[in-house]
Amino acid sequence: MIRSSIFALLILIGLSSCATYYQTNQKFNSEFQQGKLEAAEKTLSSDKKGEEGRNRFLYLVNQGVVNSMMGNYELSNNYLEKAYIFGEDHRKSVGEEALAMVSNPMVTTYPGEDHEHLLILYYKALNYMMMGKTEQALVECRRLDIRQYALSDKYKSERKYRKDAFIHTLMGICYDADKDYNNAFIAYRNAYEIYKNDYKKLFNIDAPYQLKEDLIRTALLSGFPDEADQYRKAFNIDYRLPKDYRKRAGELVFFWNNGLGPVKAEWSVNFTLGSNTGMVTFANQDLGLNFAFPYSPGDNKNNDLTDLNFIRVAFPKYVERPTVFSGGTLTGEGLNLKMNEVEDVNAIAFKTLQERMLLEFSKSLMRVALKKAAEYGMREQNQNAGLALGILNALTEKADTRNWQTLPHTIYYTRAPLKSGENNFDLQLKSKLGAQYNQTHHFKFTGNPGKTIFQSFSSLEIDPRWRQPGY
Amino acid sequence: MKLTLRNFLFAAIVATLAWGCQPHTVTRVSPDQQIDLSGRWNDTDSRMVAQEMISDVMTRPWAEEHLKATGKKPVVIIGAVKNKTAEHIDPEVFIKDMEKEFINSGRVRVVQDASFREKLREERADQSDYASKETAKGWGKELGADYMMFGVMTAVTDQYGKKKLTNYKVNLELVNLETNEKVWLNDKEIKKYINN
Chain A
1 MIRSSIFALL
11 ILIGLSSCAT
21 YYQTNQKFNS
31 EFQQGKLEAA
41 EKTLSSDKKG
51 EEGRNRFLYL
61 VNQGVVNSMM
71 GNYELSNNYL
81 EKAYIFGEDH
91 RKSVGEEALA
101 MVSNPMVTTY
111 PGEDHEHLLI
121 LYYKALNYMM
131 MGKTEQALVE
141 CRRLDIRQYA
151 LSDKYKSERK
161 YRKDAFIHTL
171 MGICYDADKD
181 YNNAFIAYRN
191 AYEIYKNDYK
201 KLFNIDAPYQ
211 LKEDLIRTAL
221 LSGFPDEADQ
231 YRKAFNIDYR
241 LPKDYRKRAG
251 ELVFFWNNGL
261 GPVKAEWSVN
271 FTLGSNTGMV
281 TFANQDLGLN
291 FAFPYSPGDN
301 KNNDLTDLNF
311 IRVAFPKYVE
321 RPTVFSGGTL
331 TGEGLNLKMN
341 EVEDVNAIAF
351 KTLQERMLLE
361 FSKSLMRVAL
371 KKAAEYGMRE
381 QNQNAGLALG
391 ILNALTEKAD
401 TRNWQTLPHT
411 IYYTRAPLKS
421 GENNFDLQLK
431 SKLGAQYNQT
441 HHFKFTGNPG
451 KTIFQSFSSL
461 EIDPRWRQPG
471 Y
Chain B
1 MKLTLRNFLF
11 AAIVATLAWG
21 CQPHTVTRVS
31 PDQQIDLSGR
41 WNDTDSRMVA
51 QEMISDVMTR
61 PWAEEHLKAT
71 GKKPVVIIGA
81 VKNKTAEHID
91 PEVFIKDMEK
101 EFINSGRVRV
111 VQDASFREKL
121 REERADQSDY
131 ASKETAKGWG
141 KELGADYMMF
151 GVMTAVTDQY
161 GKKKLTNYKV
171 NLELVNLETN
181 EKVWLNDKEI
191 KKYINN
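Order-wise, the sequence lines are chains A and B.
Heads up, the first sequence is in the working numbering, so the first residue is 1 and it goes up one at a time.
Heads up, the second sequence is in the working numbering, so the first residue is 1 and it goes up one at a time.
Hints are supplied without guarantee of correctness; some may be wrong.
The list that follows gives simulated cross-link-like pairs (lysine-lysine, DSBU-like), each with its CA atoms no further than 35 angstroms apart [to be verified]:
#1 B:137 x A:451
#2 B:84 x A:160
#3 A:48 x A:419
#4 B:162 x A:196
#5 B:164 x A:363
#6 B:96 x A:179
#7 B:162 x A:200
#8 A:351 x B:96
#9 B:182 x A:196
#10 A:419 x B:119
#11 A:196 x B:191
#12 B:162 x A:363
Read the hints as simulated data drawn from the structure, not as lab findings.
Please build the complete structure, drawing on both the sequences and the hints.
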């Protein structure tokens, strides 16, 4: 009795050591979070499987983000294009799926989450805009449009994440920079509708002020004064187009990627039951639960260690990495512009997983049921071998903890008019952890008449109190 | 066959795998073939609008009347076709079809729109610096348009549950640039019922 209980305990301890995807990439994650981008890129490139392995999507998008932040926009887009093509062509492999059924889903090729496939094109479009290649950025916008439709066709329920307001805003911004005000207006209007109808309910995010102003402006520039009036009244914004708008100096669109998105971890339910112990042990590390309660095996007279059953079911979950900064302001040239929250990547990640949790449950339970069936089959031949397989099954049980972990937590943006020549701006970041965490970053921009320039800034800081999930 | 747990699991896994692993196929089809997938605006709609508008505009008397009055073929510029729908529709698809039909009819002359004229002027400016005097093209010889075509696309969508009705409407009009007189106008509606 004591021996078997100790044995069961050892097994549970053994199960606790299953590393998540985040933990297996600790070196890269640590370098990236500290902003040591060159070191992070080197670590990433040292991955021998890289573009070929089953985590190729994550390799490509991580390379895309790191190189974009290093200013290697061409190279970044080469990686992101491969990730985009992967998303277009990827089909599940029968062999991998079958293997996953008898081990765990980490053995399959990671397909990428819906929002991750959309955000590839955010980085691509932004990279092109940073290079001043508007036409290429618009290609990414058209791709975004197609992917948007695919997403809204995939899910029918209004209560699901099926339309992305930020992506429509981004499309509007790109068309706007290309002076295609008609398409910009359509994109902004669609974005506004999604904020109003979906985002408010799903993520408690309102349409950003900047979007409202851009919507009125592009309505006027498209020759739709009635629509402009209608939105002026709806938003209570008295925006008037400057008389020399089309001729005046350029504009700046500033994106701020705040913090880092969530990481995936796992939570599991473990059972140990056996007639010899007379107990059933139920354990869940996530909730810190460990219950043992009496179990009556009925007329089973066996009192053997081999009667022990180990059942472990693992499920994925997201763990938020809380941000350090709660907001930002772009100041300079007589302007004081609040950075507008436009996409809560963290909330979207949680939502997408929550939406398909039923599917995750059924997949995990099916997997465990199959493993158990194999174990019982083995027990009929040989009890000891059956026990060994049961333990092995419990040990190999893992949830899929892979996700794109270099994405930001939240994306903000604002638009600023530029005067001809040099313009000086400060991005002031306000921390919720105290004034000592506040930051100011200085930027210089050259304004050219009629040109829109883009700038992106990433704060990689995470709340220092955050601890990585230790399972 | 006896339904055991193992048989059931085996069947369930095979079904899951078969469901998740549809083969990827590509088939070439005729560009004229009507294939509707999502119910949104597509190439067939563009073609239908172009055909309807062209067949109408070429049979109306405005071009002949212009020829009689001035002794010259009318010069047309196709301007903006504004899109007020919720979709990113490229009206260039049917604009190009209409330009082609105007030119091929031999009864109407077509000039470039504003953005392309700027590019042509840049080229002429470049020629005045770098091309020989004999081949460089001179200024002030552009063909002025007599008529301009404008348009607007709208869409009204009605949705209830899984049923969706979208009514696309394309309005086009031809205006005399000198007198502002509308000499031709037409519209084409395409109504689509989608049951998801």
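Right, here's what the structure says about each hint:
Between residue 137 of chain B and residue 451 of chain A the alpha-carbon distance is near 31 angstroms, which keeps this suggested pair within the 35 angstroms criterion. The suggested pairing of residue 84 of chain B with residue 160 of chain A holds, with an alpha-carbon distance near 27 angstroms, which does not exceed 35 angstroms. For a cut-off of 35 angstroms, the pair hint linking residue 48 of chain A to residue 419 of chain A is broken: about 49 angstroms separates their Cα positions. Between residue 162 of chain B and residue 196 of chain A the alpha-carbon distance is near 21 angstroms, which keeps this suggested pair within the 35 angstroms criterion.
Between residue 164 of chain B and residue 363 of chain A the CA atoms are separated by roughly 34 angstroms; this keeps the pair inside 35 angstroms, and the hint holds. The hinted pair formed by residue 96 of chain B and residue 179 of chain A meets the criterion: a straight-line CA distance of about 21 angstroms does not exceed 35 angstroms. Annotation: proposed proximity of residue 162 of chain B to residue 200 of chain A holds, straight-line Cα distance about 23 angstroms (limit 35 angstroms). Of the supplied pair hints, the one linking residue 351 of chain A and residue 96 of chain B is violated, its CA atoms being roughly 44 angstroms apart against a limit of 35 angstroms.
Among the hinted pairs, residue 182 of chain B with residue 196 of chain A is inconsistent with the structure: their alpha-carbon atoms are about 40 angstroms apart, more than 35 angstroms. Between the alpha carbons of residue 419 of chain A and residue 119 of chain B the distance comes to roughly 27 angstroms, so the proposed pair stays at or under 35 angstroms and holds. At most 35 angstroms may separate the alpha-carbon atoms for a hinted pair to count; residue 196 of chain A and residue 191 of chain B meet this at roughly 27 angstroms. Simply put, residue 162 of chain B and residue 363 of chain A have alpha-carbon atoms about 28 angstroms apart, close enough for the 35 angstroms limit, and the pair holds.
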